[in-house]
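Residue numbers (the numbering used here), protein chains in the order written: chain G, 1 to 135; chain Z, 1001 to 1335.
Read the hints as simulated data drawn from the structure, not as lab findings.
Bear in mind the structure is a predicted one, so any value in this text is a computation, not a measurement.
We put the beta carbon where it would ideally sit given N, CA and C, even for glycine.
Warning: the hint list may mix true and false statements.
Using 30 Å as the maximum straight-line C-alpha spacing, the simulated DSS-like pairs for lysine-lysine come out as follows [unchecked claim]:
1) Lys1128/Z - Lys62/G
2) Lys1219/Z - Lys1128/Z
3) Lys1288/Z - Lys93/G
4) Lys93/G - Lys62/G
5) Lys1201/Z - Lys62/G
6) Lys93/G - Lys1201/Z
Estimated spans, in silico, between C-beta atoms of each pair [claimed, not checked]:
7) Met97/G - Glu1065/Z: 22 to 30 Å
8) Gly69/G - His1025/Z: 48 to 56 Å
9) Gln1302/Z - Glu59/G: 35 to 43 Å
10) Glu1065/Z - Thr72/G: 42 to 50 Å
A few chain Z residues that face chain G, going by a derived Cβ cut-off under 8 Å, partial list only [unchecked claim]:
11) Arg1076
12) Ala1166
13) His1170
14) Gly1226
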Amino acid sequence: MQSFRRMAKPVSYALITGVLALSLHGPAARAAMVSTDQIVGAQQSQQDRSKVVALLTREDVKTALSTRGVSTADVQARVDAMTDQEVHALATKLDQMPAGGDALGVLVLVFIILLITDAMGITDIFPFVKKPARR
Amino acid sequence: MFALLALAGCASSIPQTERVLADAHAYPKPVELATVPFYPQEAYQCGPAALAMLLQVAGVDISPEQLVPQVYLPSREGSLQIEMLAAARRQGRVPYVLSPHLETLLTEVASGHPVLVLQNLGLSWYPKWHYAVVVGFNLPQGELILRSGLEARHVVPLATFERTWARGRHWAVVILPPGRLPQTAEETPYLAAVVPLERLKHWREASQSYEAALKRWPKSLAAMLGLGNSHYAQGEKCEALWAFRRAAREHPGSAAAHNNMAHVMAELGDLHNAEKAALRAVELEGDKQPIYRQTLDDIRRQLAESAPGKTPRVSCPEPAGIRRKSVAHRRADIR
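Construct the complete structure from the given sequences, taking the supplied hints into account.
In structure tokens, the structure reads:
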């Protein structure tokens, strides 16, 4: 946590510089043109602030996809094609989202069995399960 | 016993099916989109397979294998909905999420648009998530026809489908060729679905989509500005000017329309009118948005620097379709 705090300042400066540089080459090519995103989306001042957050979150989602088996070569383009809202949704609840692929939740079943066996006092996997006192 | 009854009660809850079947005379004949291609899915690859079927119909020649690195998430042995949408955008197509009603889904299929759906074929607590493509239905029989898994023609009772679809939160998507609107599209959600194409620099497809949106919603400010911005990004300044001019004319209170119009006018060398438009934007919202003031300052600097009469000016005569009536009359009089 301490090291994170120490890092936070230079990282945020670097990010803000990055955002400013980006906005110069924004979709509408000129700094003072209003983008369609700003018209369809929320108020602009809000968006500017959330841009910094969004950049940070995009990095988080890239890492999340990589650790879940997506090759580093593919991660960048996959995250680039998402909107800020989508990136935010993935960053906060990726593992709760359905992944269509016909996989059966075997892990869920194992989890339940272990939960029951834990409750019976046969196994001792989950600290939150209250084990029977004796036997 | 009570739990069993509750379960049974749950299983019989199919309000949408009941509604649709009560109104079955709306589609007395079966509908089937026989030309939608079929890709049998390989293990865990229903996402890429279903997406490839829709993209083929939308004019993108892409195989499920090519889509695997774009959507498949190995540790989850499946594909996330967000990534399915993102992958469609990468091919320059607008993925449009339908309103969660069976009627909407049927309307799209009847309009010739196959629909991608997410189902949970298992139970809510023991899920089996699955993507399939709805390609037809037969209301008198109460059936839906899907491209699903290894079956090119999976016929399923509407009631069963509704239960599996409801467990996937009624998620349904259409992906169409650029410039073609979903039959049931609504203005704001549709435009919000087009904007992300700009991020990926699919400007051509974005402008085609804005144009189609304007045909259906001729008053849409966002579509006009989107059209202007996407033409501008392609270097089509006259087309951009026409779009912004139309926006400023039909939405005189839009500062963004005047601001963007001012920019294009200035770049076309019409500094005098550019200043007027920029000033209008500042009057409207200059206190809220510093960029409008910036535009005005920019143009005034250019005006001060340019020798009078020396600025090269590009003229953009508006094509007949979007020309103002009074201007058209005036031109006719001159002739």
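Verification of the hints:
1. Lys1128/Z - Lys62/G: Holds: lysine 1128/Z and lysine 62/G sit about 26 Å apart, inside 30 Å.
2. Lys1219/Z - Lys1128/Z: 44 Å, violated
3. Lys1288/Z - Lys93/G: 35 Å, violated
4. Lys93/G - Lys62/G: 14 Å, holds
5. Lys1201/Z - Lys62/G: 21 Å, holds
6. Lys93/G - Lys1201/Z: This hinted pair holds, its Cα atoms lying about 28 Å apart.
7. Met97/G - Glu1065/Z: 22 to 30 Å: Holds, since methionine 97/G and glutamate 1065/Z (Cβ atoms, about 24 Å apart) stay within the stated range.
8. Gly69/G - His1025/Z: 48 to 56 Å: Check passed, 50 Å falls within 48 to 56 Å.
9. Gln1302/Z - Glu59/G: 35 to 43 Å: At roughly 39 Å between Cβ atoms, glutamate 59/G and glutamine 1302/Z fall inside 35 to 43 Å, so the hint holds.
10. Glu1065/Z - Thr72/G: 42 to 50 Å: 20 Å, violated
11. Arg1076: Holds, about 4 Å.
12. Ala1166: 13 Å, violated
13. His1170: It is violated, given that the least Cβ distance between histidine 1170/Z and chain G is near 13 Å, above 8 Å.
14. Gly1226: OK, holds: glycine 1226/Z within 8 Å of chain G, min 4 Å.
Against the hints set out earlier in the document, violations occur for numbers 2, 3, 10, 12 and 13.
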